[in-house]
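*Asks:* Listed here are the chains, written in short residue letters.
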Amino acid sequence: MNSRRSGRPADRTLEFLDVTDLADPLLVVKDLHTSFRTGRGTVHAVDGVSLTVGRGKTLGVVGESGSGKTVLARSIMGLLPTRDVIRSGTVQFAGHEMTTMAPAQLRQVWGAQMSMIFQDPMTALNPVVRIGRQITDSLRLHLHMDRKEANATAVELLRSVGIPSPEERVRWYPFQLSGGMRQRVMIAIALACAPRLVLADEPTTGLDVSVQAQILDLLEAMQSERHMAVVLVTHDLGVVAKRADEIAVMYAGRIVERAPTRTLFAHTHMPYTRALMDSIPRLANPSGTRLQAIGGRPPDLIHPPKGCRFAPRCPYAQDKCRESDPPLRTAASSDHVFACWFPLVDRVSADGSATSSASAVDREAPSS
Amino acid sequence: MADERKLHSPGVSSLLGIFPGQTPPLVVAAALADPPVDDDILAKRPLGALFWFALVWVALVAILAIIANWLPLPNPNHQNYAAINASPGIHHILGTDDLGRDLLSRIIFGARVSLVVGFASVAIGMVIGGTLGLISGFKGGRLDIALNAGSFVILAFPAIVAVIAIVAFWGQTLAKITIIIGVGTIPIMFRVVRASSLAFVNRDFVIAARTLGATSTRIVFREILPNVIPAAVSFGLITVAGVIVLEGSLAFLGLSVALPTPSWGNLISEGTANGNLSINPYILMWPALAMFLLLLSINLIGDRLRQRFDIREGLL
Amino acid sequence: MLSYLLKRLAQLVVVAFIISVLVFLLVHLLPGDPTVSILGGNVTAANRQILLHELGLNTPLYHQYWIWLIHALHGNLGQSYLTHETVGHVIATGFPIDVELIIISQVVAFAVAIPVALITSRRPNRPLDNIATTGTFGLLALPPFLIAPILVAIFAVGLHWFPATGYVPFSQNPASNLHDMILPGLALTAGSIAVYYRLLRSDLIMTLQEDFITMARSKGLSNRRIMMRQAFRPSTFSLLAVAGVNIGALLAGTFIVEYLFAMDGLGYSIVQAVQQRDYLLVQGIALVVAIAYVVLQFIIDFLFTVVDPRVTRE
Numbered sequence: 001m002n003s004r005r006s007g008r009p010a011d012r013t014l015e016f017l018d019v020t021d022l023a024d025p026l027l028v029v030k031d032l033h034t035s036f037r038t039g040r041g042t043v044h045a046v047d048g049v050s051l052t053v054g055r056g057k058t059l060g061v062v063g064e065s066g067s068g069k070t071v072l073a074r075s076i077m078g079l080l081p082t083r084d085v086i087r088s089g090t091v092q093f094a095g096h097e098m099t100t101m102a103p104a105q106l107r108q109v110w111g112a113q114m115s116m117i118f119q120d121p122m123t124a125l126n127p128v129v130r131i132g133r134q135i136t137d138s139l140r141l142h143l144h145m146d147r148k149e150a151n152a153t154a155v156e157l158l159r160s161v162g163i164p165s166p167e168e169r170v171r172w173y174p175f176q177l178s179g180g181m182r183q184r185v186m187i188a189i190a191l192a193c194a195p196r197l198v199l200a201d202e203p204t205t206g207l208d209v210s211v212q213a214q215i216l217d218l219l220e221a222m223q224s225e226r227h228m229a230v231v232l233v234t235h236d237l238g239v240v241a242k243r244a245d246e247i248a249v250m251y252a253g254r255i256v257e258r259a260p261t262r263t264l265f266a267h268t269h270m271p272y273t274r275a276l277m278d279s280i281p282r283l284a285n286p287s288g289t290r291l292q293a294i295g296g297r298p299p300d301l302i303h304p305p306k307g308c309r310f311a312p313r314c315p316y317a318q319d320k321c322r323e324s325d326p327p328l329r330t331a332a333s334s335d336h337v338f339a340c341w342f343p344l345v346d347r348v349s350a351d352g353s354a355t356s357s358a359s360a361v362d363r364e365a366p367s368s
Numbered sequence: 001m002a003d004e005r006k007l008h009s010p011g012v013s014s015l016l017g018i019f020p021g022q023t024p025p026l027v028v029a030a031a032l033a034d035p036p037v038d039d040d041i042l043a044k045r046p047l048g049a050l051f052w053f054a055l056v057w058v059a060l061v062a063i064l065a066i067i068a069n070w071l072p073l074p075n076p077n078h079q080n081y082a083a084i085n086a087s088p089g090i091h092h093i094l095g096t097d098d099l100g101r102d103l104l105s106r107i108i109f110g111a112r113v114s115l116v117v118g119f120a121s122v123a124i125g126m127v128i129g130g131t132l133g134l135i136s137g138f139k140g141g142r143l144d145i146a147l148n149a150g151s152f153v154i155l156a157f158p159a160i161v162a163v164i165a166i167v168a169f170w171g172q173t174l175a176k177i178t179i180i181i182g183v184g185t186i187p188i189m190f191r192v193v194r195a196s197s198l199a200f201v202n203r204d205f206v207i208a209a210r211t212l213g214a215t216s217t218r219i220v221f222r223e224i225l226p227n228v229i230p231a232a233v234s235f236g237l238i239t240v241a242g243v244i245v246l247e248g249s250l251a252f253l254g255l256s257v258a259l260p261t262p263s264w265g266n267l268i269s270e271g272t273a274n275g276n277l278s279i280n281p282y283i284l285m286w287p288a289l290a291m292f293l294l295l296l297s298i299n300l301i302g303d304r305l306r307q308r309f310d311i312r313e314g315l316l
Numbered sequence: 001m002l003s004y005l006l007k008r009l010a011q012l013v014v015v016a017f018i019i020s021v022l023v024f025l026l027v028h029l030l031p032g033d034p035t036v037s038i039l040g041g042n043v044t045a046a047n048r049q050i051l052l053h054e055l056g057l058n059t060p061l062y063h064q065y066w067i068w069l070i071h072a073l074h075g076n077l078g079q080s081y082l083t084h085e086t087v088g089h090v091i092a093t094g095f096p097i098d099v100e101l102i103i104i105s106q107v108v109a110f111a112v113a114i115p116v117a118l119i120t121s122r123r124p125n126r127p128l129d130n131i132a133t134t135g136t137f138g139l140l141a142l143p144p145f146l147i148a149p150i151l152v153a154i155f156a157v158g159l160h161w162f163p164a165t166g167y168v169p170f171s172q173n174p175a176s177n178l179h180d181m182i183l184p185g186l187a188l189t190a191g192s193i194a195v196y197y198r199l200l201r202s203d204l205i206m207t208l209q210e211d212f213i214t215m216a217r218s219k220g221l222s223n224r225r226i227m228m229r230q231a232f233r234p235s236t237f238s239l240l241a242v243a244g245v246n247i248g249a250l251l252a253g254t255f256i257v258e259y260l261f262a263m264d265g266l267g268y269s270i271v272q273a274v275q276q277r278d279y280l281l282v283q284g285i286a287l288v289v290a291i292a293y294v295v296l297q298f299i300i301d302f303l304f305t306v307v308d309p310r311v312t313r314e
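Protein chains in written order, with the working numbering: chain C, 1 to 368; chain B, 1 to 316; chain P, 1 to 314.
Calculated directly from the structure, the hints in this document are not laboratory data.
Be a bit skeptical, because a hint or two may be false.
Each pair of labels, with its calculated beta carbon distance range [claimed, not checked]:
id, chain 1, residue 1, chain 2, residue 2, range
1, B, 227, C, 316, 45 to 51 Å
2, B, 77, P, 135, 45 to 51 Å
3, C, 42, P, 138, 34 to 40 Å
Chain C is faced by these chain P residues, among others (derived, beta-carbon under 7 Å) [claimed, not checked]:
id, residue
4, 211
5, 212
6, 215
7, 219
8, 220
9, 230
10, 233
11, 234
12, 305
13, 309
All C-beta atoms, glycine included, are put in the ideal place defined by N, C-alpha and C.
Bound conformation, chain C alone (with noise of 0.2 Å):
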């Protein structure tokens, strides 16, 4: 399955090895930086992000919409614009270096090692293809089926994924569908070729809460399956909480706290991951309590302002935290880092008890 004819004489084949023998971790990025020219100045969607991704793990990446992550999603893949973008950093994949990769090579990665689910199925789709096309285009692409081949193995695809008389529905258009159908069409075609890596970029946006749980439970099973890694982005902090290994919160272009998704829901550090916590709606909560939402509007990516980029809605800024811009640094765990000169925990632990302070020890974290 992971063979491939050389392309054209030109292109050097890339060769994936099998997924049992890499070595850990499977994505490594390291100060990604991506901006974008414009007419109204140079906007930094990604201003240094570093993660990395084991195999078969699921890193999920949380922010408000205008963070940056779903532009982090595309620039690890590399399905950028042509033209007035700028990137810088690396990103390594099963031993490759993406960034540097001929667009030829990236074609190989891209569907077959590595793909991508995207927000909205209706636009994401090809209104006037078949979904069956859609999907066996990878298929014959990547894994040289032929027709009948693709076919069959179309069905068995849209089967897995919970469509019901696929035989039938693999010669529907996409606008045939309902909102959930086409989600699971998608996540259908980001698997086909049974990629190492798949990044969910908001999966369950616009679906019903019940079909939410469905897809991502699908998510989890066919990953579990297959033995994949997921980069799950959204802006819903509850949908990470119980789904991914490792949780990495953005705001304005920058990780500002990672951690084991343990270690961040009981130790927070950054007032803001503490905020999408609290904004989230909780059934045991009597009716009528006030949804918390988080004041004031994200940055402006082309002017970031000095200091702290949450410091204008931090309820617990400081005047140094408006004067400079606080590092990534370790916490007591050494795979928990945030960015925060006053961080959560010195004040107040999650279960309400005071802590000691000075937990947080001034070291630069390595950039990992």
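Take the given structure of chain C and dock chains B and P to it, following the hints.
*Replies:* Coordinates of chains B and P only, in the frame set by chain C:
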């Protein structure tokens, strides 16, 4: 998707109207428009130099046509048998035709016909058709339905038959032809202005004016009209080009302004007759060049105007 | 499906009827009558009356129309007063000429517009695109009566590659016929190229911004494949609609080209017929053109349902 721009097959209403054999101006206007995408993708079109050439050419032609009588030109119909088919030279800057008539003079005088018919008839169409369209779009109701249906039928009619017939009937003078064609452009102007004003009628500022007690007339002319004018003017210019072509086609067949008044269509026709093409290609070449440049210029100007005012083609 | 067809058929009949009435009224209300052209020098009041009576032209208008209608429904469109050719014959020889001219012009238009649009839409406002845009304006400034003489001057008179006038009927000699039709066909094509190119380019530019194109890229599909298979088809809708309108306009307007290239197509025939008050000829040709136009619209609508799966046949 291409939803915004979907020109669904208009069924019976053909937009044929008065422009047979040409791409209808409405279609031209829609085609020239830029797609509604971000500016970053479609940087401003660099039409700078060409646009100024266009403006200069139209102005030049217009001025020459106006002051023609006072220019030191030989009479355009004066046949000088001593200088038949003369090449361009000092005495006849563009040469002469097979009857010894000075080509430059004929072209300048002929420009009058094209320009007058072009601009005046579109002006007629815009004033009458446009006003009707404004009112109809604003008032709605039965008047609107009636006018709309009427313009439908008129546009579906092979109008060339009507134009030829009426010209033959009424007479081939400049004024009459201008009026006939002008009346012929009324339905299309009506539809364009009506569609444009419909887009504004339900906007907040109109409703606001209403609640402030403004009378209908005031609203129509103070609120809606200024918003409709850019689209109408830009489309009008493209229609001018279409009318100039129409008149040229008629003149080519001898169905426009009666000879001996020169008109560019006539001149081009003469250029192909009697084996002139092989003997003296200049007879064809100069008027053809002049007309080509004029049409080019008008379209460029119309397009630049449209760019400036950012017209979207929701005009159908 | 059946009700759809019936509905369109009804539309066809209604339009044909209305147009025939309007045309009838128009030509009959003009001053003059065919007697002048027929009698030529022998026009006296008496002769005219006799002729008018013979031709049935001094009965009330509604009566004349009724006679015409009855005959038309039986397939008899009458004769030309001047040449005594049956109207049917004129149409049978003239209509194919017009159709062929239009087909040639449209084939050339699409053959030029589509590839250029596919190429330039990927890099809008780069040099190649700007050259194409300038070319577009140039083409729009070359209407048939302007470009036909130039084509004749260069290719017929100058290079002797093609004939300046005349043609051989298709049934006689297809190759020769096409050869003769090329110049007149080209004369009709300039405006179409310009408009089809711009529209397709615009739509392609818009389509290329859509999410599903990015998604197609993310599957690893090549740019060329994306262009041809994913981007092209949704971008053709405007083109299809405009082609319908454009061809309709051409249907009514081939007379310049016919005149210049001495072809007896319907365009020039109807112009002459109006001038000579050859009523029956005018009626017949106008009817045929109107019917042809409605059928064209029908075909375009049908093609829409084929090309865009979201459009259902109602």
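*Asks:* Next step is simple, just say for each hint if it's right about the structure.
*Replies:* Hints and how they fare:
1. B:227 / C:316: 45 to 51 Å: Given a distance of about 50 Å, which is inside 45 to 51 Å, the answer is holds.
2. B:77 / P:135: 45 to 51 Å: Hint violated: Cβ distance 38 Å, outside 45 to 51 Å.
3. C:42 / P:138: 34 to 40 Å: holds (38 Å)
4. 211: holds (4 Å)
5. 212: It holds, given that the least Cβ distance between residue 212 (chain P) and chain C is near 4 Å, below 7 Å.
6. 215: holds (5 Å)
7. 219: holds (4 Å)
8. 220: Where the cut-off is 7 Å and the nearest Cβ of chain C is about 4 Å from residue 220 (chain P), the hint holds.
9. 230: Where the cut-off is 7 Å and the nearest Cβ of chain C is about 6 Å from residue 230 (chain P), the hint holds.
10. 233: holds (5 Å)
11. 234: holds (5 Å)
12. 305: violated (12 Å)
13. 309: holds (5 Å)
The structure fails hints 2, 12 (numbered hints given earlier, in ascending order).
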